[in-house]
Amino acid sequence: MTEVSSADWRPNADLTAIRARAELYARIRAFFSESGVLEVETPILSRAAVTDPALASLSTQVDIAGFGPKRPLYLQTSPEFAMKRLLAAGIGPIYQICKVFRDEERGRRHHPEFSLLEWYRPGWDYGRLMDEVGALVRLALNRPTMPIERLTYRDLFRDGLGLDPWHTEVDQLRRTAERAGLRGLDGLDLDRDGWLDLLLTQCLESRLGRGRLTFLCDYPPSQAALSRVRTSGEVPVAERFELYIDGIELANGFGELVDAREQRARFQGDLAFRREQGRPEPPIDESLLDALEHGIPDCAGVALGLDRLLMIATGVEHIDAVLTFAIERA
Amino acid sequence: MAFYSTNEFKGGLKIMLDGDPYSIVENEFVKPGKGQAFNRVRIRNLKTGRVIEKTFKSGDTVEAADVHDTDMQYLYNDGEEWHFMHQESFEQMTATAAAVGEAAKWIKENDICKVTLWNGAPLSVEPPNFVVLKITETDPGVRGDTSGGGGKPATLETGAVVRVPLFVQTDELIKVDTRTGEYVSRVKE
Chain H
1 MTEVSSADWR PNADLTAIRA RAELYARIRA FFSESGVLEV ETPILSRAAV
51 TDPALASLST QVDIAGFGPK RPLYLQTSPE FAMKRLLAAG IGPIYQICKV
101 FRDEERGRRH HPEFSLLEWY RPGWDYGRLM DEVGALVRLA LNRPTMPIER
151 LTYRDLFRDG LGLDPWHTEV DQLRRTAERA GLRGLDGLDL DRDGWLDLLL
201 TQCLESRLGR GRLTFLCDYP PSQAALSRVR TSGEVPVAER FELYIDGIEL
251 ANGFGELVDA REQRARFQGD LAFRREQGRP EPPIDESLLD ALEHGIPDCA
301 GVALGLDRLL MIATGVEHID AVLTFAIERA
Chain Z
1 MAFYSTNEFK GGLKIMLDGD PYSIVENEFV KPGKGQAFNR VRIRNLKTGR
51 VIEKTFKSGD TVEAADVHDT DMQYLYNDGE EWHFMHQESF EQMTATAAAV
101 GEAAKWIKEN DICKVTLWNG APLSVEPPNF VVLKITETDP GVRGDTSGGG
151 GKPATLETGA VVRVPLFVQT DELIKVDTRT GEYVSRVKE
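Listed in order, the protein sequences are those of chains H and Z. Counted the way my numbering counts, the first sequence spans residues 1 to 330. Counted the way my numbering counts, the second sequence spans residues 1 to 189.
Possibly wrong hints are sitting among the right ones.
Unchecked claim - Some but not every residue of chain H turned toward chain Z, in silico, with C-beta under 8 Å: (1) GLU105; (2) ARG106; (3) HIS110; (4) PRO112; (5) GLU113; (6) ALA180; (7) ARG183; (8) LEU185; (9) LEU188; (10) THR201; (11) PRO221.
What the hints assert, rightly or not - With beta-carbon atoms standing in for the labels, derived distance ranges: (12) HIS86/Z / GLY160/H: 43 to 51 Å; (13) ALA22/H / GLY12/Z: 37 to 45 Å; (14) PRO283/H / THR61/Z: 24 to 32 Å; (15) HIS86/Z / GLU169/H: 49 to 57 Å; (16) LYS47/Z / ARG329/H: 32 to 40 Å; (17) THR324/H / MET1/Z: 38 to 46 Å; (18) LEU75/Z / GLN277/H: 52 to 60 Å; (19) THR180/Z / PHE325/H: 38 to 46 Å; (20) GLN277/H / HIS86/Z: 42 to 50 Å; (21) GLY247/H / THR155/Z: 49 to 57 Å.
Claimed, not checked - With a cut-off of at most 30 Å between alpha-carbon atoms, the simulated DSBU-like pairs for lysine-lysine come out as follows: (22) LYS175/Z / LYS114/Z; (23) LYS10/Z / LYS99/H; (24) LYS188/Z / LYS105/Z; (25) LYS134/Z / LYS114/Z; (26) LYS134/Z / LYS54/Z; (27) LYS99/H / LYS57/Z; (28) LYS99/H / LYS70/H; (29) LYS34/Z / LYS99/H; (30) LYS34/Z / LYS54/Z.
Source of the hints: derived by calculation from the structure; they are not laboratory data. Glycine included, every Cβ here is placed at the ideal spot set by N, Cα and C.
My request is simple: use the sequences and hints to build the entire structure.
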C-alpha cells in the first residue's frame with residue numbers, strides 16, 4: 001500500500017500495463033464477436049444483494065422521485081443475477097465486461113473494486129464451457145499451445161494431502177494443516193469448509209497451473225455456491241470449476257442452478273448462517289427468483305478476473321501494478 | 001481495552017497474543033473466490049524479538065497492545081537497574097537489564113535513547129544510531145600505517161569491543177554506528 005505523498009496524482013500502473021488492458025479487451029471482444037456471443041450491460045446498483053456469506057456488499061442510496069423512502073442500493077459483487085434475468089427473457093449467449101465491488105478485500109491479489117468478464121452459454125454443460133475458457137485465455141495471453149489440464153477437487157486433496165475432502169472430520173483437517181507446516185493455527189475456529197479453504201489456499205493452490213491452465217472441478221456440495229449439484233456418482237458433486245494459472249485463481253464457473261425452489265432454499269440458508277454470525281442480512285433478489293420461476297435454459301456460466309489475467313499477461317506480482325489508480329489514490 | 005479487526009492489520013501494528021506484546025511484521029490477505037478469507041501474519045514478540053507466524057480468520061478481532069516509543073535520557077545504572085528520565089515531564093523510570101539488552105554495550109550517562117513502553121513500563125531500549133566513546137584499551141598500532149587494512153580490536157569505556165584501524169590509539173574518542181557495531185571515525189576532543 002502506498003504512502004500519501006505529492007506523487008499520488010500519478011497512476012499506479014505504468015503506461016504499458018494501461019495499454020495492455022485496452023489490447024486485452026479488444027481481443028476478448030473479437031473472440032466473442034466471432035463466436036456469436038452478445039455483449040450486454042446491466043446495472044451496477046441493485047435493490048437486492050448477494051447472500052453468499054463469503055462476500056460483503058457495498059451499498060449506497062439514491063434520492064429520486066417515486067423511489068420511495070431512502071433505501072439502500074447494493075453495488076454488485078458480480079453481474080450474475082441481472083444476466084440470468086436476461087437469459088430467462090430469451091436473449092441467448094451473452095457476455096459482459098464490468099466493474100464489481102467487494103468490501104473487506106484488499107491484498108496482493110485483491111482490490112475492492114475490480115473488473116470481471118462474465119459470460120453464459122445456454123444449452124452448454126460446464127465441461128464444454130471449460131474448453132471455451134481455455135481457448136479464450138490462450139488467445140488473451142497469446143500462448144496458443146499452453147497446456148490445459150483438468151483435476152477434480154477430490155483428487156487434488158487425495159493426491160496432495162492424502163485425505164478425502166468429502167469424509168474428513170474437522171480435527172483431522174486441523175492436524176493435516178499442522179503436519180503440512182502451517183504454524184500459528186491454535187485458536188483458529190473453522191468449520192469443515194473453512195479448513196478445506198485454508199488447506200487449498202496455503203498448501204495446494206501454489207502448485208496449480210504451473211506453466212499451464214489447470215481447471216479444478218467438481219467441488220463438495222457445501223461449496224456449490226450457485227452451481228447445480230450432481231448426485232449420480234459415488235458422492236454428490238457441485239458442477240463448479242475454478243481456473244488456475246501459476247497458482248493464481250483466475251475464474252470461477254458453474255453448471256448453473258436453474259431451479260427456483262432450490263435457489264430460494266440456498267438464499268435462505270445463507271441468510272440463516274449470516275444471522276448466526278451477526279453479519280448483515282441483505283434482501284434476497286426476488287426478481288432473480290421470479291425469472292428462474294419463469295424458466296431459464298440449462299446453461300453454464302463463468303466469471304473471470306480481468307485484473308488478475310492482466311497480472312499474468314504482464315508478469316507482475318501485485319494487482320496495483322495493473323490498476324490506473326488503486327483505492328488509496330482513487 | 002482496545003481491539004483491532006484484521007482489516008486494520010498492517011506492518012508495525014502492536015497487538016497482544018497469549019499475554020505478550022507483538023508487532024506485525026508482514027500481513028497477507030488470502031481468500032478463495034467463494035470461501036473463507038484469512039490473514040496470514042508474521043509477528044515479532046517485543047519481549048523476546050522472536051518472529052512467529054499466525055493465521056487469523058478475516059474479521060476476527062485481537063486485543064491492541066499499549067505500546068509506544070518515547071525519547072528518554074539515560075541517567076545511571078545502580079548495579080541492578082537502569083534509570084531513565086523523560087525529557088519533558090522529568091519523570092524517571094527504571095528498566096531491567098533484559099529490557100536494555102544490547103543497548104547496554106553502547107550507552108553512557110546523558111545519552112538520549114528511544115525507549116519502548118508497554119503499559120507504561122520500559123520494554124526495550126534503542127541506543128542513539130551513533131555514539132562517541134573513549135577507547136580504554138587497544139594494542140599499539142604499527143607506526144606509519146594509516147590505511148587500517150584489517151584493523152585491530154579495541155575495548156571501549158562501556159565494555160564494548162569494536163574493530164578499529166591500526167592508527168587509532170588508547171584514550172582516543174571514536175564514533176561508532178550502534179546498528180552495525182562498526183567504527184565510523186576518530187573524534188577530536
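**OP:** Please write out, lowest number first, the hints stated earlier that are contradicted by the structure.
**Re:** 4, 5, 6, 11, 12, 26
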